[in-house]
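Colleague: Dock chain B against the given chain A, drawing on the hints supplied.
2 protein chains.
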Amino acid sequence: MVQAITSMDEDFAQWYTDVVLKAGLTDYTSVKGCMVIKPAGYAIWENIQRELDRRFKETGVENVYMPMFIPESLLQKEKDHVEGFAPEVAWVTHGGLEPLQERMCVRPTSETLFCDFYANEIQSYRDLPKVYNQWCSVVRWEKTTRPFLRSREFLWQEGHTAHATAEEAEARTEQMLHVYADFVEEVLAIPVVRGRKTDKEKFAGAKATYTIEALMHDGKALQSGTSHNFGDGFARAFGIQYTDKENKLQYVHQTSWGMTTRMIGAIIMVHGDDNGLVLPPRIAPTQIMIVPIRQQEESVVNTVEEIRARLAKKFSVKTDFSDKSPGWKFSEQEMRGIPTRIEIGPKDIEANQCVVVRRDTGEKITVSLDEIEEKMAEILEAMQKDMFERAKKHRDAHVYDARDYEEFKRIMLEKSGFVRAMWCGDEACENKIKEDTGATSRCMPFEQEEIADTCVCCGKKAKKLVYWGKAY
Amino acid sequence: MVQAITSMDEDFAQWYTDVVLKAGLTDYTSVKGCMVIKPAGYAIWENIQRELDRRFKETGVENVYMPMFIPESLLQKEKDHVEGFAPEVAWVTHGGLEPLQERMCVRPTSETLFCDFYANEIQSYRDLPKVYNQWCSVVRWEKTTRPFLRSREFLWQEGHTAHATAEEAEARTEQMLHVYADFVEEVLAIPVVRGRKTDKEKFAGAKATYTIEALMHDGKALQSGTSHNFGDGFARAFGIQYTDKENKLQYVHQTSWGMTTRMIGAIIMVHGDDNGLVLPPRIAPTQIMIVPIRQQEESVVNTVEEIRARLAKKFSVKTDFSDKSPGWKFSEQEMRGIPTRIEIGPKDIEANQCVVVRRDTGEKITVSLDEIEEKMAEILEAMQKDMFERAKKHRDAHVYDARDYEEFKRIMLEKSGFVRAMWCGDEACENKIKEDTGATSRCMPFEQEEIADTCVCCGKKAKKLVYWGKAY
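Just so you know, the sequences run in chain order A and B. Heads up: the first sequence begins at 42 in the numbering used here, then just goes up one per residue. Heads up: the second sequence begins at 42 in the numbering used here, then just goes up one per residue.
The shape of chain A in the complex, shown without the other chains:
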């Protein structure tokens, strides 16, 4: 049998590491803090890319590619931005055998490069808006790393836009947050809270950062996608101006937004179980694995191939004719999270049927071979829906309301999950809560409620409902 993994209830962190390695998603490398993304992991990222890219383009996004290096003087042009990123960048100091005249960092994010580009590219209102995106890797010199969740290099997309008006920039910032939220809920089957970051938690250089926050199986939060409104701050720092219809010089208003390979970590930590990975059908590189029973029999070979060919017209389907036992194959495919397997043996063929097994529930469904296409469509669709509902139920069961600080601390100590509590708007309370409980403000949800009048921490008048949590 496939080697067992640590139980998630026993040691969630070890369970996570076991799954990423045993499911063949990633592995460590000789480059400290950097991972290799193996075929099973990269195929998930390719599906994320394809689906997100399609949704981006429907909103008018165009893809570009910027240099991976940022000269130090360029990084320093926006004060808050450089303060946020300079401590964690990798510096290139030599090109070939010569020292560089000016050192350059490997991009941790590309606001400064896009601004430098837009300053030349944008002259008139006719050049606006610019709605550009790039798919690339970025580098942040983290001290402690974990596969997919935090590594020194990771893959992502970063959108960077420039608009004529503040209103347009704000609308684009929110639009992209909803593109992320819809994608994560509809395709990854992960429910999210949509909201705004507090000033303490916002992006370095942003006027406002919006976020989607997901809850992992262990009750910790994962920031899953962010969208930033920069106002005209970067435009002033970089001199990005256009001539409007009245022939007046104006600064542009900018946004940026990104989603990363950490979403593969989210899929694992929301849907996985003690048998390994569980992939939502809409993101699974292989949706159906057909396992022949008594594969030495010609009728089995022929039927499996016939069914595969029929299903391949609508689904991504593979067959496993390796020389392992069926039991071994079952365990292996469960570990890899393949949504469904179909078992076909001589007795099934005689009865003109097969057995379909759902990865999420283990449910076995007998299906007539005549209607295999329709039934697989139904089963995969039901599984996608059930996985979302199950994740939502789990999330909702781990959202707690706290009305005073003792209650807040007790919940944070005894439970794991999101705590909803009112906040006065003061960063001092965020700092105190972090110090006392380890929790940070995850977001001020768009859907505000007033569950109390006073700040859960200091007791002063409350301004906002905040989701708090311990985060990855």
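Treat the hints with care, since some could be wrong.
Lysine-lysine pairs mimicking DSS-like chemistry, simulated, CA-CA at most 25 Å apart [stated by the list, open to error]: (1) B/K171 to A/K359; (2) A/K359 to B/K98; (3) A/K98 to A/K73; (4) A/K73 to B/K171; (5) A/K355 to B/K355; (6) A/K98 to B/K370; (7) B/K501 to B/K241; (8) A/K501 to A/K473; (9) A/K456 to A/K433; (10) A/K456 to A/K355.
Hints in this document: simulated from the structure, not taken from any laboratory. Please read all numbers here as calculations on a predicted model, not as lab measurements.
Modeller: Same frame as chain A, now just chain B:
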């Protein structure tokens, strides 16, 4: 009118620069030697990626992602390889605020990373073959750069495979060269010569390098894709061994192969003309642009939209309702290389027809609106075919045979193109030819002929027919 560009006959290098900039493919950046690839350029790369990736996967290739950094000790493991690349890499020496214990280069190519990975990943013959590829950017610290053709950072794919036997590695090396050749000929409409590099010109660390060589409009050669057989050289340097079926330890045999964004430069230099870029229909991001004539009339708006919707089911099609004159739009779309434009005005609508203009020939074709889908398919297919034939005719007209050194030098001085000449196999003759004429050996074509008995340079017994040329 759109600003005119330099004529290609007058100054080919300036014409090239004018086209890349005016067609909106790329621009310079503040990062010396690095370019931005703008939407019109990146969309071509996306199409190259999609089509190549599909062809790769049909041969069993799986995509992965490796770190972008290579620790210095890893780069040094294979002697020839480090000698070839160390002089032109960018070095990272600091991470965050601390100096690194060991400096790392930004990958110029990833053989060493894949080898390090395979050394852990491959244990048994059951783990073979590994046929992995990655899409990424690489960095080579070039002194002189030109957009797409030679820049300090460029995008590419690099395939890296490991096999049980030398025969299998050789077969994969050749297979991938033919994948490249077929792609370039069928999709980019560029004829290529398939052959093997001489030892002097092969990849650092390779046993054999195969190449496809294309001829640009100015008669210079462009190396367009290479595939390398490493034998077991890297495997011995990195200790990549597997246990065979007889339980004996064996070294693997490896290959690598790559194609880059310089192919966008090839498209420009093979197909472009004095009006700008000309894109082969199969690679064009927009295949058809519909230009309304008298766009203020409602019947024109409605018909254009109806035709667009019908064509959009089979082609990538756009409409241009901007407030420029039709003549300006024509020039602009010609500059951008859009394969066909459709003109529709009130008189056309009355006659239930439209005018289709081919970008390559300027030919105007009157087409009934009733059969617009079939006719556009025919026109685009004919254009793709004609563009290849035209490029091939031009290439063939610039291939010269030389039987003695005086003739060789005279052709190299007076003409531009490929010179076919016999070679003794001695590197000294390659060096002398380079010094005397500036030409290098481009390849020893798979299709060998014996056009003379003796080496064109030294007069000793000839071993191989070689294509010589001045190269980008």
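Colleague: Please go over all the hints and tell whether each is borne out by the structure.
Modeller: Hints, one by one, checked against the model:
{"no.": "1", "hint": "B/K171 to A/K359", "result": "19 Å, holds"}
{"no.": "2", "hint": "A/K359 to B/K98", "result": "14 Å, holds"}
{"no.": "3", "hint": "A/K98 to A/K73", "result": "36 Å, violated"}
{"no.": "4", "hint": "A/K73 to B/K171", "result": "24 Å, holds"}
{"no.": "5", "hint": "A/K355 to B/K355", "result": "20 Å, holds"}
{"no.": "6", "hint": "A/K98 to B/K370", "result": "24 Å, holds"}
{"no.": "7", "hint": "B/K501 to B/K241", "result": "19 Å, holds"}
{"no.": "8", "hint": "A/K501 to A/K473", "result": "14 Å, holds"}
{"no.": "9", "hint": "A/K456 to A/K433", "result": "17 Å, holds"}
{"no.": "10", "hint": "A/K456 to A/K355", "result": "44 Å, violated"}
Consistency note: the structure conflicts with the earlier hints numbered 3 and 10.
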